[in-house]
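Work the whole structure out from these sequences, hints included.
Order-wise, the sequence lines are chains A and E.
No gaps in the numbering here: position 110 of the first sequence is 110 in the working numbering, and each next residue is one more.
No gaps in the numbering here: position 16 of the second sequence is 16 in the working numbering, and each next residue is one more.
Hints are all accurate, no fakes.
Here are the simulated DSS-like cross-link-like pairs (lysine-lysine), alpha carbons at most 27 Å apart as the crow flies:
(1) A:K78 - A:K11
(2) E:K54 - A:K44
(3) A:K44 - A:K78
(4) E:K99 - A:K78
(5) A:K15 - A:K78
(6) A:K11 - A:K83
(7) A:K62 - E:K99
(8) A:K62 - A:K83
(9) E:K99 - A:K11
(10) A:K44 - A:K62
(11) A:K83 - A:K15
(12) A:K62 - A:K78
(13) A:K71 - A:K44
(14) E:K99 - A:K44
(15) A:K44 - A:K11
(16) A:K11 - A:K62
(17) A:K15 - A:K62
(18) E:K99 - A:K83
Honestly, the hints are just simulated from the structure, not real lab data.
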Amino acid sequence: EAGVAQSPRYKIIEKRQSVAFWCNPISGHATLYWYQQILGQGPKLLIQFQNNGVVDDSQLPKDRFSAERLKGVDSTLKIQPAKLEDSAVYLCASSLWLAGGETQYFGPGTRLLVL
Amino acid sequence: GIQVEQSPPDLILQEGANSTLRCNFSDSVNNLQWFHQNPWGQLINLFYIPSGTKQNGRLSATTVATERYSLLYISSSQTTDSGVYFCAVDSGYALNFGKGTSLLVTP
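Okay, here's the thing in structure tokens:
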């Protein structure tokens with residue numbers, strides 16, 4: 001089975017520019033997550049979707065970050081305008097709940113450097 | 001929100017040694033997962049274990065929910081076990097990750 005796909009893998013932009021990341025979850029996974037991982041820290045949840053509805057976006061900086069999940073499948077995360085502190089790895093994950101619990105599957109991430 | 005503390009922060013082992021990683025959390029949880037992030041950044045789910053004990057090969061995990069901690073055991077460590085091990089917990093919808101334990105296994 002194909003894993004979670006993300007693109008681009010790397011992005012370098014200048015502050016105040018805009019950037020967008022794309023994620024394609026594992027087929028059939030209803031739940032999709034975007035995380036931000038700053039160097040040396042654990043991932044921090046930005047937003048969680050269940051199908052195409054938002055479950056939790058309490059930690060998303062809504063003045064500059066936005067996300068959508070098209071038709072409950074692919075998702076895009078946008079930053080506009082970017083700040084230096086947005087330099088991080090942006091991880092997408094999708095999950096499956098079975099009788100034994102939840103398993104989150106992560107994509108390879110997009111490494112963003114804001115100059 | 002719920003606090004997650006992992007120890008030790010760093011660990012160096014020789015191949016073949018055993019280790020125990022600890023995760024303490026500040027509140028009751030519905031969900032606790034252990035992840036391994038390899039040196040290339042890929043995160044892999046190891047266990048979903050809000051309570052009880054599970055084993056998968058050389059890895060096992062135990063969560064004592066009433067005492068708010070979880071342990072990850074690695075036996076007969078191999079160089080491919082190197083990376084960062086994260087514990088993540090939640091009491092609602094969002095997983096909160098600890099800062100991780102960075103493990104280096106040397107030949």
